[in-house]
Amino acid sequence: MNKEWEMVIGLEVHVELSTKSKIFCSCTTEFGGAPNTHCCPVCMGMPGTLPVLNKEVLTRAIKAGLALNCEIEKETRFDRKNYFYPDLPKAYQISQLYKPIAHDGLVEIEVGEETKQIRIHEMHMEEDAGKLIHSDWDNETYPDYNRCGVPLLEIVSEPDFRSAAEVSAYLEKIKSLFTYLGISDCKMQEGSMRADVNLSVRKKGAAEYGTRTEMKNINSVKAIERAIESEADRQVDLLISGEKVRQETRHWNDDKRSSYAMRSKENAQDYRYFPEPDIPPMIITDEEIDEIRRNLPEFMGEKKARFVDRYGLSAYDAGLLVQNKKQADFFESVVHEGADAKATANWMIGYFAKIMKDLAIEFEDIELSAPRLSKLIGFVESGKVNRKDGIELLNMMIKGEGPDDVEKYLEEKGLFLSNDNSELEKFVLEAIEANPKAVEEYKAGKEKVVGFLVGHVMKNAKGKFNPSVVKDAMKTELKKQ
Amino acid sequence: MNIEKMTAVEIGKKIKGKELSAPEVAEALIGNFRDREFINAYTEFDADTIKENARKAQEAIDRGEAGSVLAGVPIGVKDNISTKGELSTCASKILEGYKPPFDATAVDKLKKAHMFVAGKMNMDEFAMGSTSETSAYGPVRNPWNPDHVPGGSSGGAAAAVAAGAAICALGSDTGGSIRQPASYCGVTGFKPTYGVVSRYGLIAYASSLDQIGPVAADALDCAAIMDVISGIDANDSTTISLDQKESFLDSMTGDIKGRIIGVPEECFGEGVEDDVKAGVESVIKELEKCGAKAKPIHLPFIRYAVPTYYIIATAEASSNLSRFDGVKYGYRSKDSNSIDDLIINSRSEGFGPEVRKRILLGTFVLSSGYYDAYYNKALKMKRMIIDGFEDAYKDCDVIICPTAPMTAPRLGSSLSDPMKMYLSDIFTVSVNLAGLPGLSVPCGFDKKNMPIGAQIIGAAGRDKTVLNMGYAYQKVTDHHMKRPEV
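Those protein sequence lines, which keep their order, are chains A and B.
Per the working numbering, the very first residue in the first sequence carries number 1; after that it's consecutive.
Per the working numbering, the very first residue in the second sequence carries number 1; after that it's consecutive.
Calculated directly from the structure, the hints in this document are not laboratory data.
From the three backbone atoms N, C-alpha and C, an ideal C-beta is built for every residue, glycine too.
Mixed in with the good hints, there may be bad ones.
[Unchecked claim] Simulated restraints, written as ranges between beta carbons of each label pair:
#1 Asp391/B / Arg119/A: 25 to 33 Å
#2 Gly32/A / Asp48/B: 42 to 50 Å
#3 Asn36/A / Leu360/B: 28 to 36 Å
#4 Glu287/A / Lys377/B: 33 to 41 Å
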């Protein structure tokens, strides 16, 4: 982007809440399912039906509001947003405009070494719409109402972003907060997190905002970054060549790396919002808010600081561990079982990551026992088990093929290293005898041959000794020669 | 058997005493219906279905299952209240052929009490009207004089009960739609406090004002039906519970000694027909004889009630009726080339002129730039009306005024002068805006021999007080027993 210009971005982020049932009826929110099988008269907006709020949605919205450092509205209520579209069976969406559940929040993001605060204008609850499926078979369009009534939170930021990197840091931050809260899985690819980008550009130092465009429903962080860079360049080019930016909604085509105008402001809809008469206002007390606040989990930032402080991890290692709450919790369980914290961190960041990458699985997908892993780490780190054998066993455990009793398994397989010094001495002397040339080289100052001789011992002893112990013994013996 | 001479409670008692059976009552009702088809009170009256419903109700009674005092009694249901698998069309072309997959909560409760549904009742399209002339099924006629309207929008219910073509009925009341036709037809109609009866399954006109209630021969029948249909409903978050210590029926003592009746000066002035004034004043006199005390009060806000009502009601209606788009059920316009055309054509062809007018008005008052000038102002006015009534009830137990300023007009005369029709709602709409209970009781006839109705209005939640006041009046008078010659 041209150095004299800056971009100004505000985000509207939609997050699907992972409640079991929908926001206004008891239908399942499960993703997928044959069309129109996860619905009932209420979410299909049949005449005479009425919405009844799922209380869990309100609780989760309050949690989210607190995590975003928002003010919680004590008397919140729903409003109707009216528009005609076949995927919206009531022809209005139950949303919040006048009294949203949360407002005036603040989210801290880190971009490189810098931290920055993004202000939250408001956050509100609403219902999702269905979707239309076009059939090429008969060239007809069919509505699928399964997604109707899935609960959503919409988080509207102030126009505080000045780069694509800030936007992606913010999206990652929201994902982290909400997955730590356990209120949403925030998977952009599956549509459980979607973002609309409002972007304008202006000369650096200008006080006024430029005319903005909106890009809706872009489905990955990388695509959003590309859309932002492209749109900012397009607007700057227009302005430099003396043209104007039109206020419009644009569609980003990530495959073509370009956007096109969908509708201009002249065609903007008048949603005729008014208070939803079917749902009474919800009164939230300070006690309820305090109770929810008290039970908020430790978030990523706090957890990272505590890992550095309590376990002596580097900030970098702690940062990697807390990326994922399940992984961070597992780390603590393993340490709690007695394993050394730094060693455990190294195992999880190093060996785990490699094995999971080879198997193409996520931490979410694996079931591990903290006590068994703790034992294994202990045996390897104290030199009782060969590291290579330990990693092999870890591999089995990650695949779900590990033994119930780690110690018994190592015993049976004869994988515990021997402590028998007289036996070791025999192997060492045998190696020296069999390799006179190597011994000569050692005497001539070639220290490297120690490794060769140790290898000889390890091979003949079938790995039953700890290599570093063998190395020490070998050095001692060679000095005697 | 003259079922038209009997109340629902009387029939219920005879069924319990095995003097009558539900199928016998159904047969008699079907006969009466055929003799009175000219009033056009029903949108759907299927004799076979009714006989089947009666047989099932009687079987449950014979098995000794608990029901209500009204077990075995047939009840007509207004066509905007959902009945599972039976046409529920709001008397509109746009819902032609629509059969809901579920029962309204009120209907479900009727069935659990072993009452049975006997037909769907004609009405103004989507309950929008005061004459029952805007129905897609043609106008309902007043059995006292078929050249006159029965009132509306629950005109079919009131006309059928008056004519003996129904024992009792469920109506709905958004701005007077139960009380005004009850008044015009000489029967008793009750609009409960907002939230006392679940709205689940009532096809919404104006959600914040709509309420289901009974239309019947007298206040006792209304009380008995209220015992069946009232109560908190998990499917309707706006439902409330009243004091449950005594049933509605048990609260009907007829004792009103010391009760204070507020008589609002504003409701007896210009624009109210002299016969109507005289009829309503006679009610107050009778009640004073029974030990109540009358006292003049003021409801200065009442002149704002009609404009406030038409802004709020049409605003909500414009949203509630948006779902009728030709996509999912009911009427779909043929040969539309785009989704926009499909929606526009289906709605233009499916809705009648009165409904279209109200949707347009409601859309306008909610539009960006007009919201504060109209809708928001109306909400503030609504608040003032609620507060105004609360003040009034510091000095009295009930308020009595005419249900309507006039008796039933001639067919066709109202739609040609809509402002007059809207203004005739003045005494009923404020009750809906404030969410109060209101009862209309017959209190005589005007010079043209058309019935007059008096309205008894209570504070929110004082439904039993209101019904008991009506019962006390009906114990000492017989206007409610008069029936037209058919």
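Structure-based check of all given hints:
1. Asp391/B / Arg119/A: 25 to 33 Å: 45 Å, violated
2. Gly32/A / Asp48/B: 42 to 50 Å: 44 Å, holds
3. Asn36/A / Leu360/B: 28 to 36 Å: 33 Å, holds
4. Glu287/A / Lys377/B: 33 to 41 Å: 36 Å, holds
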